[in-house]
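Chemist: Residues per chain, in single letters:
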Amino acid sequence: MSQIHDSARGYVTGSAEYIDDRPFVSGELHVEVFYSLVAKGKIKTLDVSAAAKVPGVAAIYTSKDLRHNLWGSIFEDQPYLAENEVQYVGEPIAVIAAESKATAHLAKTKIIIEFEKSEAKVATLDIDVAIKNKEFIGQERAIMRGDVDAELKKAKHVLRGEIFMAGQDHFYLESQACVVYPKEDDQIEIHSSSQHPSEVQHLVAKALGLKFHQVVCIVKRMGGAFGGKESQAAPFAVFAALVALKLKKPARLIVSKDDDMIMTGKRNPFKNFYEVGFNDAGQITALKARLFSDGGAYADLSTAIMERAMLHLDNAYFIPNFSVTGQVCKTNTPPNTAFRGFGGPKGVVTIESIIEDIAQYLKVDAFSVREKNVYQKGQTTPYGQTIEDNILPELFQKLKKESRYEEWRSEISAHNKAGGATLRGLSATAVKFGISFTTRFLNQANALVNVHLDGTIQVSTGATEMGQGVNTKIAQIVAECFSISAGDVRVMPTSTEKNPNTSATAASSGSDINGQAALNASNAIKENLNRVAQAVFARPVENRGRKVAGTGNVAEIDISKIAVDENIIFENGFVASKKSPKLKISFQDLLQEAYLNRVPLTAQGHFKYPGIFFDKDAGQGTPFFYFTNGVAASEVSIDRYTGELKVLRTELYMDLGRPINEAIDLGQVTGGFVQGMGWVTTENLFYKEGRLVTCSPSTYKIPSVHDIPRVFNCHLIDNALNKKNVRGSKAVGEPPLLLGISVWAAAKNALQYGTDKPIALNLPATQEQIFTKLKGSDVAAR
Amino acid sequence: MYRKHIYLTVNGEIIELGGKEAIAPLSDTLRYYLGKTGTKVVCAEGDCGACTVMLARAREGVYRSINACIYPTFLADGCHLVTVEGLAKNSELHEVQQSMMRNFGGQCGFCTPGFVMSLVNLYEHKTAPKEQNVKNYLTGNLCRCTGYQPIVQAALDINAKKMKSLGEMYPLKKETETLISKTAQPILIEIEEREFFAPVTLQQAVEYKNRRPHARIFSGATDLGVQINKGKFIGEQRMSLHLLEELNEIKVNNSVVGVGARVTLEKLQTVMAAHVPQFADFLNIFASPQIKNSATLVGNLANGSPIADTTPFLLAMDAHVSLLGPSGQRVLPITQFFKGYKSLDMAENEFITHISWPLVLDKKTKIGLYKVSQRRDLDISCVNACFVFRINSGVIEDARIALGGVAAVPLRLGAIEKSLLGHVVSKDLIAKTNTQITDAIQPLSDARGSADFRKSVTQELFQKFAMEHLQP
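If you're matching them up, the sequences are chains G and S in order.
Residues 1 to 782 in this note's numbering are what the first sequence lists, from first letter to last.
Residues 1 to 472 in this note's numbering are what the second sequence lists, from first letter to last.
Same shape as in the complex, but just chain S (with noise of 0.2 Å):
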């Protein structure tokens, strides 16, 4: 009942993977295996881009642009993907190249085509770029030579009607239908002592979980494929979840927005532009389109990290998080699930199925987000923060604060919201509340920032965002 293979199309042929190539990072797949070394791989964590491949599952159809080098390759089992070597169909170079091309986009060729491919992923998804999409496409792709200008013109300069989409040139039908049949087993690989298992029912998932309860869990991998690919021991079994189709699914039902644990951070924003605006916003500067394309909410979660930047947020929305397990369904409030330093309250056999909070939607409710990094764009927080306060005719009807990086998991300062209820904004209630701010977080020092930095990086956040939003 379990097939021992994984099946994918690389520009437009299918491939069939058992064994360690099934498990290898996909740049090391496509690199050695399979001999496309147009995909590069330099910085080996999804910071740097030039392993960037378009990746679309078989049946969805829409391409999304990925870090093969941080992306396992069984998370490519039912999906086409294209590599930069299948840009150029009967050595006719796609539009995107010739443009890179004539507007001297490469200097020393090994970030080119990574820009490539995300300059595809643009085309793929917006018809008329603009400078500022541009870039903000362009986000997880580092160059040393250029400077970037040639690449942002190389990419204003793309005849768009010339362009060709990667499904007109690969429609791939027949494909599309044996991908779709081939992926309806689970998967288990077993290489001596190590077991690779993909479950197609959340049943066989908890099932598998309370057998192995070592086993990690990978589902957009974008933090265990960096810790595989720093040499970091993560155990011997790996359970993916990426044929759970229910786990795919975003969902808002009376004002309370569910997601599932395969939801992309891509997909969240694309939600939430709708319905918080500024945590789209958010978003947008979190990560990478490579990152967001495969990163989830709950992994954003789950990880643990006191710096995780969708926390605040979640923290600040009183968020309820759901875990599955032998016994069942457990849900608890997020405040309860951080125990300590990356110490979860999650049992070894559970893991989580969804996201739920509900939507804040009055319009006296005001929302800040922040993140203070050494650069803006694709950086991890040396401090983040959310604030939402109500104000009604100058009176604080609600106020809630969270912040991330400040401690050893990240904080909601309940005490300090509480005595801020019924009191009216003024420069000395701010005042006040920043000076209890100070007292209530203990930061360390480490490479993103000092103690004392944060400390009082974290007071300016929140006297910034009472001059934005509170008018004192």
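The shape of chain G in the complex, shown without the other chains (with noise of 0.2 Å):
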């Protein structure tokens, strides 16, 4: 059985802290931000007097009030507070601070703003207008191999399509949350849920004008995050901070859902236009693509999202002539930002999109599609990166025989043939997901391993905590490298302070670099541990234990005289030599002697992933340290009447290496899954004039339990191949999300059935959408 959760039993008892369970400090404020109600006006008047005269208000804050104003994790493009005018509903303007929620709240309705007039018609809201105007952020890329133009005209067939994905909210149960409590010295101490302290600290002390070694910053946990966190938790944590430090009293900031859901960026909506060449067996032989990103007002990480986007357009499959230009717009809209997946599943859904047309088109298994053009061992990506380790094609096979997929495909034929009140669609879909962030200096990793004197460890890295249950995979490796059980290693808070210059616990890597650092730390005490071992064998057994080490009577252990012997061996709780089974030493006595003889005990270890590079300006190198691959059939059901979709079957296989903790990692999978379901089906963000009115769960659906696939089929599969990373493991965060695509290629699917043309489905496949569809073709729905 796998380690269970390291806070389990915190969850199961409501005893796990999250930020607004902290106990109120005397004097604590609350902070609540204005935001702009219209997506775009030039500021006239903004007029705060009457909201600070409500009793309890302690103080309102402007721009001005902050030192520096801009921000941005890639372009330092975005206010904090806006100046003097607003690009977005749900920018913020003020920011307030009373002593109780409902003050905040009755303030908040004070504060008078005007815009001048005819300015918020020209707001931007949609995607379509911005890449029709040009309105864009930063430059267009592009990935290229071979001669695209050349080989499409030379195409036996040609498709041309477009399509559009919707957006995602993250819908973290915890909202954006941070407490600030001021210290001395003008040092403050910022408790944020952020996947991303570091960047938290550099910002707020930025911001406020303080050095960064007045700002720590730390993260016990998150109530989720899937990359909402990422980025995005820095502008509230810098509102808590300005009235922390200016008031010299702790500021505690809780965003409702609400509120979150209008102010906060959202996965990138996508629109694609493609032109796929291939033969009569359904092998593609070029692919030009134009892939346009909604980046919202601002720039966030959207440059970053597209770039994935790209590299991940080609999916499972070789294509030899690619073609793929990527630009972001700008909108009126809140900045988009990270979202598990990070731009790969709107590459994904593109091909597997486009293989669903070809096989409609070639009247031919879908399937078989993807057997033609899935990569082989050997073969490279467009941007040049080589497919090693390639078990693609092996998953697709595992799938169709365990499956029984021809079996299963002929029960749905004669399920729509026989012409009942719904309508069956089966897909199968892949992913081969790139492991690494495509720009380099983030793949690395610090972490502090601090050994204690009764065996128990406390280890520290820049990992954050989401429900990933990083901490718990990390404790394992460490552990497991002493010996020891993971119940006498406990992970720490993440604090800048231990672990500083780390990057976001984002691209799925936050074991993969944070577990392989703590096991670098642990090494090099494991190797002083080594040689003190070494030392007191060597003594008579009487002169061995804590009541004589380091006492004057035997000479001070001098490890820089001894080379690390392979034949000291720890094994559970014991330090033992291989050479005689006398020779052994409880791990506890061992520390005991290793601190006596002033060996240090505590270690700092670092970790990059080797050998990763990629060349933006070309679109070509290595960007991805391995890829995580799977593969996933699901089978959706429609109701011809009312185009309800249930999803009643999913079997999926993925390849997750040798996992630390296989439980943990079943559990990204089916979560990861279902999230990735969401989207492409019940997820519709809904605006009014910029303004998003499907802000709460009463009106956006993620999926409830009712919602998962009927039959739920998660495989892992052995595979040992992987030795590059920490453990042989694979990371998991991301991958199983793109999954869920499956889901939308069934109804796809489902709606192409009696018909003989390609049937074009945006995301989400929304009931409403589904219905169009089924209404507005010639479908054998009666």
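You may find that some hints are simply not true.
[Stated by the list, open to error] Below, simulated DSBU-like cross-link-like pairs (lysine-lysine); rule was C-alpha separation at most 35 Å, straight line:
no.	chain 1	residue 1	chain 2	residue 2
1	G	K206	G	K220
2	G	K688	S	K455
3	S	K174	S	K20
4	S	K267	G	K757
5	G	K220	S	K455
6	S	K232	G	K42
7	G	K248	G	K110
8	G	K117	S	K174
9	G	K363	G	K579
10	G	K688	S	K232
11	G	K249	S	K130
12	S	K162	S	K267
13	G	K108	S	K342
14	G	K248	S	K232
[To be verified] Derived DEER-like restraints, expressed as beta-carbon distance ranges:
no.	chain 1	residue 1	chain 2	residue 2	range
15	G	T45	S	H214	45 to 51 Å
16	S	N392	G	G754	35 to 41 Å
17	G	D280	S	S393	17 to 23 Å
18	S	M169	G	E402	41 to 47 Å
19	G	N523	S	M169	55 to 61 Å
20	G	N279	S	K126	56 to 62 Å
21	S	S343	G	K117	33 to 39 Å
[As the list claims (entries may be wrong)] To spell it out: a stretch of chain G is covered by chain S in this simulated footprint if at least three of its residues, at any positions, have a beta carbon under 8 Å from a beta carbon of chain S; those stretches are:
no.	segment
22	262-270
23	344-353
24	465-478
25	704-711
Bear in mind the hints are in silico, worked out from the structure with no lab data behind them.
Owing to the predicted nature of the structure, the values given are computational and were not obtained by experimental measurement.
C-beta: ideal position from N, C-alpha, C; glycine also.
Hey, can you piece these two chains together into the complex? The hints should help.
Modeler: Rendered as structure tokens:
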């Protein structure tokens, strides 16, 4: 059985502490953000005087109260607080500090803001308009291979199309939250629900005119994040820190779910155009695509997200002639941001949709088209990375055999032919997810390991715990290194004081890089202990143990003179030499020896993914350390009358190498899949004049327990090939989300039944869209 | 004669609350006043279940789950409350907690206390849960991390033999007596201009509502609770019906169902299962256990929404609404009750005490209840419908068509119904009826669906009903 999650007891008893569970400190203030309700406008007047007079209001701050009012993870283009104009609904304008939440809310209603007339009408709220008007953020990027135009001309068949993919709200259960405590000498301590404490520290310091060493950011845990707290936790920390620093009082900012959904960015919507050439066998010979994403009003992480979308347009398939361009568009909506998959899903949906269309066009099962095109060992991607340890063909074959795919397909065809009240569809899609940040310098981590004299260990890394179990995995890695129980290793809250200059816990890399850094630190200590053990074993038996060590009766051990001996082993709380059964000492006694002999029991470890680089201008390189792969087949049922969609069965196969914690990895798989399924089906962001109307779960529908596949089988396949990564494991955070796309592909497959043309289906495939397609096509509904 | 405090037990301990704590949402009272932060708040509108707690009326002793975020603390007056902190006694974890731990039911953990409480609710009411049952009990809990599979697994892995019911964990004999005697008295709490009143007799209720016609009436508070949390001003005066025992009754006499204003949807579903199973099944997807355990049928109607899910059924059943005011009781047919968008035939000094309708027990009568929403379960409808047809030897003897979400008020399509009587069911007739239905409705476009979609999906619902039940 897998090691249970290190917070499991806290979760089930309600004692696990989140930001708003922290006890109130005397004098603590509530912070509220006053934000724009118009999508675009020049500010004519901003009058906070009436609000400031509400009894119980401590202060109201605007842009001029910040020392530095611009931020951005890639481009510094976004104001924390609007100055002369607003660019989106939800853009922060003023910060209110009050004695109670109710007072802060009341004050919010007393702030007067007026905009210049006519400005509001010119807002760009639609990606199509932005594309037409060339309202762009950053430069166009491209990845090319071969002569696509020539090959498209030569191709036997060519299909052209476009597909729109809507955004998705993260819907982390704990909305954005932080509390900031003022300390002496203008130091501040921030507790933030953030995936990126280092960035919070840096941005807060800069915004407030402090030095980095005056600011500590601590993250104990997050109640979910999914990318939504990678960059966008920082502004809230800035607001609370501003209050704490100015008023010298603790300041708590807890954003309500409605405000959070209105103010924060989403998964970027994409509009992709493509032209694909293929032969009679369904083999793709050329693909030309133009990708446009809706970045919202500011850059945030959108250019990096676009890059990953382009790098995943090939997905699991070898495309000899390839051309993709990517351009981020600017609209007057909240700046869109990281979300599990980080652009990858948008590339993958496009190619999987193309494959469904090719199959429909050739009147063959899409599975066979996938088999024809799947990467074979040694082939290279359009950006020049060679596919090593390729398991994709095997995954497809395993799925086909174990799910009895062909029988499954015949059952579905028979069902549809019979013409009952429902229409069924089946599709199998794949994921080949590149592991690494595409920006090289982010692929590094550091860890601090402190071994205590009672044999317990505290580990600190830059990884933040958002439920993904990174702390549990790191504890297991360290415990296994010393061969002690995982319960004797505790992973401490992430803090910039212990682990500076860290990267966001993102790109699925948290456990990989932080786990390896912790292992490197542990190994450094272990080597010292190995040397100490040799010296201890060299003494007569009576001179071992805590009584005599370091008393002066024996000479101090000088580890600099001792080489590491491979015969020294750590086993079940003891350290022994393979040379003789008599040479054995408890871990705890050895620690005592080490301490009394002035040998350090603490170490810092560092790790970077080796051998990766990507030339963004050329669109070429080896951006990924390795790939995490999987396939999933899903069967859906559509009510022919109402368009209601049900997922009947999913068979999913993933290669996660040798999991450090199988149960935790499986939880990532089921959770990621269902989250992806929500994106492609029910999660519908509905805006009115740039304002999100579906801003709470009563209108924004993430999957409920009834929506998961009726039969839901997730299989992790045995793969010892991957030796690259820590303990032979593979990153798991994002990849399974992309398998949720199989549900959408199955819906498309169902809608194509009885027609001979490809049916375009945008994301999400809401009941209304499915209904419209059903009624609008010559689907053999009845 | 009035008391200024409410009384309840929290994890076995008697608590007295007055002032703003009595009026605040229960989750706020628990988190910020009693320091029990295990109960989480996410949506503050009763949709995610992170705030789920178990509540039993002391005089009944049956624990049921509710959403603490939208539940005013005063509604827990006279109740035993168990929060997630109360499940582990003497540091020994409850079996539900142990199973959630060993099955990796929590990832980020924020929804976990709510799921734990909903599973406790399941085991309080079912001894051997099956997968579908488990899912029904978890309808009102959202998780964004696990994909639910580990949680369903945890539910099925619970060792029922190791389970202790909350009643066994907290016998509370003496406390129950105390609560019953304390709650015999009406409550009046005044905080500055705000006033809260809870009568113990209908007469007191009528007098108060006459004196304070703007007072909002609290019964289940599943709608008012949301409005308050979303910052809507609902007025300064509040009257709670929670001490009016006679409104807790649901009666079936001479084939007439009478439902009191305090009868929850959960109670209604249980009683309806024996009489109109189609309606009971519909209530099953209508809302989560937490909502059904507090929301009332009367509240669903009094809200006046054109999309209330019980209204098409009540319209089709020719239900009557009983109102009580200073001049006594007034009973009116439900079709007359809706005057316009969110406008009801109800004076300011009146309130609804009952809804009643005759049971249709005839085997030849077919009932079809439908709702179209973005997500099947626990979602506000885009369109809903109730069709009731009696067919004798192929001839339509009775036809009732009631629709919600297609106009400013819920509709009963009387003219179309009349035109159907005496006709033989045929494909042509159904097609003709569909056209008539389309002509009779004027839906709007909003976040839940466009006007066009509503129009054509309504047709499809009738088509579906016809295929399923009329067999042309």
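Chemist: Now look at each hint and say whether the structure bears it out.
Modeler: Cross-check of the supplied hints:
Only pairs whose Cα atoms come within 35 Å are accepted, and K206(G) paired with K220(G) is accepted, the gap being roughly 23 Å. A threshold of 35 Å between alpha carbons decides the hint, and for K688(G) with K455(S) the separation of about 22 Å falls inside it, so the pair holds. Restraint check: the Cα-Cα separation between K174(S) and K20(S) comes to about 27 Å, which is no more than 35 Å; the hinted pair holds. Among the hinted pairs, K267(S) with K757(G) is inconsistent with the structure: their alpha-carbon atoms are about 51 Å apart, more than 35 Å.
For the hint linking K220(G) to K455(S), the alpha-carbon distance of about 51 Å lies beyond 35 Å, and the restraint is violated. Using a Cα cut-off of 35 Å, the hinted pair K232(S) and K42(G) holds, with the two alpha carbons roughly 29 Å apart. The suggested pairing of K248(G) with K110(G) holds, with an alpha-carbon distance near 25 Å, which does not exceed 35 Å. A C-alpha spacing of about 68 Å is found between K117(G) and K174(S), which places the hinted pair above 35 Å, so the restraint is violated.
In summary, the hint linking K363(G) to K579(G) is not supported, as the alpha carbons are separated by about 69 Å, beyond the 35 Å threshold. Only pairs whose Cα atoms come within 35 Å are accepted, and K688(G) paired with K232(S) is accepted, the gap being roughly 20 Å. Restraint check for K249(G) and K130(S): the C-alpha separation of about 53 Å exceeds 35 Å, so the hint is violated. At most 35 Å may separate the alpha-carbon atoms for a hinted pair to count; K162(S) and K267(S) meet this at roughly 28 Å.
In summary, the hint linking K108(G) to K342(S) is supported, as the alpha carbons are separated by about 29 Å, within the 35 Å threshold. Distance hint between K248(G) and K232(S) is fulfilled; the C-alpha atoms sit about 33 Å from each other, no more than 35 Å. Taken as a hint, the range 45 to 51 Å is violated for the pair T45(G) and H214(S), whose Cβ atoms sit roughly 35 Å apart. A hinted range of 35 to 41 Å for the beta carbons of N392(S) and G754(G) is consistent with their spacing of about 37 Å.
The given range of 17 to 23 Å is broken by D280(G) and S393(S), whose C-beta atoms sit roughly 59 Å from each other. The hinted window of 41 to 47 Å between M169(S) and E402(G) holds, with their beta carbons roughly 46 Å apart. Here the CB-CB span from N523(G) to M169(S) is close to 49 Å, at odds with the stated 55 to 61 Å. The hint said 56 to 62 Å for the Cβ distance between N279(G) and K126(S), and at roughly 58 Å that hint holds.
Range check, S343(S) to K117(G): Cβ separation about 35 Å, and the 33 to 39 Å hint holds. Three residues within the 8 Å Cβ limit are the bar, and the segment 262-270 of chain G against chain S gives 0, so the coverage statement is violated. For the segment 344-353 of chain G, the stated coverage by chain S is violated: 0 residues have a C-beta nearer than 8 Å to a C-beta of that chain, whereas at least 3 were required. With a cut-off of 8 Å between beta carbons, the segment 465-478 of chain G has 4 residues touching chain S; three or more are needed, and the interface restraint holds.
With 5 residues carrying a beta carbon less than 8 Å from a beta carbon of chain S, the segment 704-711 of chain G meets the three-residue requirement, and the given coverage holds.
Consistency with the previously given hints fails for numbers 4, 5, 8, 9, 11, 15, 17, 19, 22, 23, ordered from lowest to highest.
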